[in-house]
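Enquirer: Here's the letter readout for the chains.
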Amino acid sequence: MDVTQLAEERPSASAEQSEDAQLKAILEAVVYITDEPLSAQQMAAALQQPIDRIKRLLDEIVAEFAKPEHGLSVREVAGGYKMATKPEHHEAVRAFVKKLTPPLKLSLAALETLAVIAYKQPVTAPEIMEIRGVQGVGVLKTLLDRKLISEAGRKNVVGKPILYKTTKEFLVQFGLKDLTELPTLKEFEELGRLEIAEPEMPEPEVPASGAPPEASETQNG
Amino acid sequence: MDVTQLAEERPSASAEQSEDAQLKAILEAVVYITDEPLSAQQMAAALQQPIDRIKRLLDEIVAEFAKPEHGLSVREVAGGYKMATKPEHHEAVRAFVKKLTPPLKLSLAALETLAVIAYKQPVTAPEIMEIRGVQGVGVLKTLLDRKLISEAGRKNVVGKPILYKTTKEFLVQFGLKDLTELPTLKEFEELGRLEIAEPEMPEPEVPASGAPPEASETQNG
Amino acid sequence: MSAPLNFHLEHYDGPLDLLLDLIRKQEIDIYNIPIAQITGQYLDYMNRAAEMDIELSAEFIFMAATLIHIKSKLLLPRDPALAELIPEEDPRKELVDRLLEHERFKSAAEMLHQKRVVEEAVWSNPQIEQFMAGEGMEPGLAVSLFDLVKTFQGVLERIKTRPTYEINKEDVSVPDMIRYLHHVFEDGPKGESVAARELFERQKSRRAMICLFLAMLELVKIQALGLVQQEGFGEIGLKRLKGFETAFTSGEQLAAIDEGYN
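Protein chains in written order, with the working numbering: chain A, 536 to 756; chain B, 536 to 756; chain C, 2 to 263.
Okay, chain A solo, but in the shape it has when bound:
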């Protein structure tokens, strides 16, 4: 690591300072990325730096984030350092998160039901159960509540069951002008078929190279 190289090459005060800044930056990034609090010892060992130096820099980071203009804090928790939002802003952050337009969330059961309605509409609850091969249509209520489907009269068979269809909101949510824009099953199968014709191509991947396949789940990308 170039940090240690720097230390050997130029022991001048300004070099020491810029090296401190770099080390501090690395510590900040490390504290941010780890879910489990890491101790100063662990970080010192991994970065091959004296523990005192690491401790001093961590103290500086803690002090920096303690300033009121920061909404994050770095705290010593369970023998390690952890980054988190400051509790005094939780109410504001919570209110903020609540206001975010929630993405369209659907359970698999709801998505399946919606898919069946989209492609088979107008369709009755018993027909949906028949197609899905699953008893119970509780998710219909979820879809009705979300205004993704609506009632469309009754089917003229025994019992006159309610028919369901998709709504305008459904079109909006899926970015469709009208129902004819729904991809057909044929088109979908075409994609799958062509994929067999042109396989996943394991070789050569980009980036090829001996890069270790490591990245966090939370990798920004």
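The hints are simulated quantities; they were obtained by calculation from the structure and are not laboratory data.
For every residue, glycine included, the Cβ atom is placed at its ideal position computed from N, Cα and C.
Don't take every hint at face value.
[Stated by the list, open to error] Derived CB-CB ranges, DEER-like:
| no. | chain 1 | residue 1 | chain 2 | residue 2 | range |
| --- | --- | --- | --- | --- | --- |
| 1 | B | E599 | A | S549 | 20 to 30 Å |
| 2 | C | N48 | A | Q583 | 54 to 64 Å |
| 3 | A | L720 | B | K602 | 49 to 59 Å |
On the provided structure of chain A, position chains B and C as indicated by the hints.
Expert: Below, chains B and C without anything else, positioned relative to chain A:
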């Protein structure tokens, strides 16, 4: 929210300052927490603050984290603000990233198809094949699966083919603020001419753990 | 025509890729392509690929035809008088334009790749899930149109592999329907009733409905199922009773019913 209450109570300069600090802290916490980049508009609306003020404070946050002693950065990505580690510390940080998921690896064919969609969107599968001079659009399914592209209605020509466009996820994955940040195709033409003189592609800013293959040399099929 | 090139028979992603590679590796001026030379090398590649049993797609053959066509056009003399009236376009122009466009997208792909290299060197650690969990809020999952059609496809696939109860056939019998009801109530929620109407609606034929009706009566008679009605003139439901399990485990009563319908 107490921020707005404060504004009404004490319009003095120092109150304004401490309120700025508090707002900034909330913005920092919000950017830290959210996984989808949020726009200044969204934050302004949620915090009931003028957009100009929010923009100014976000700019200050971006500038603060840009300093070398910070290992985190706040960047404008996909029309919003996103916190992440700085690329220059990747070697040190990588060692601490625990959750291993395979990174987004795309074949050259997939990258080329993605490039065509990015520049020609909305575009149909036949048009993509025409430009690439290749039959088969199997990679479209891969790109759809990875949510890098999505359907964008249908083209009003014979057969009504599905149109494709890039997604917000595409911007996030490729670290783009918006589509206008992409170099123009004309710029590539000039690049192509330079390439004749010097066939080596310029090194990427951050070297991967192995040399990435040169697009011009590594062909696949 | 022998090419002094050392292609190691790379696998090209289409004919445009191959042509571009030939042109660029030999540092040929793309605006003045020696068509005869390039056509020869192109065909040479195709022959070698064939020798090595590398299957080339139809576009490669189509491009070969295009190259030969351009070559012959260049060979044919033109009426100089006509050429003055209508200046003829270079027959190579269309191909050159396509090659240049293709090259631009190859560069764009390279640019995207480099952006990914940078993005793969940064990590983001959003805490929204942790935050929402701490605050008792629920995170969600966004859904796309593609997910919708994929899901529907999945449902249809499942139908194919699902064990079928022979209730669509015309020769459906009362014992068939008893087995069908067993299936419905076996997995179903214990205390809840199922609307008889729903069960009838699922039947495809009149005969199936009659058999279902008789099967219901039989099971009610042996106390395997009970009829429920929440309110006067309300919907009639069927409910699993205590006798359900014994009826289907011992099988004696059912055998007797089967006998009766044979």
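Enquirer: Please test the hint of 49 to 59 Å on the beta carbon pair from L720/A and K602/B.
Expert: Once the Cβ atoms are compared, 55 Å apart, the range 49 to 59 Å for K602/B and L720/A holds.
Enquirer: Could you see if the CB distance from N48/C to Q583/A stays within 54 to 64 Å?
Expert: holds (59 Å)
Enquirer: Does the Cβ distance between E599/B and S549/A fall inside 20 to 30 Å?
Expert: holds (22 Å)
Violation of the numbered hints given earlier is absent; every hint is satisfied by the structure.
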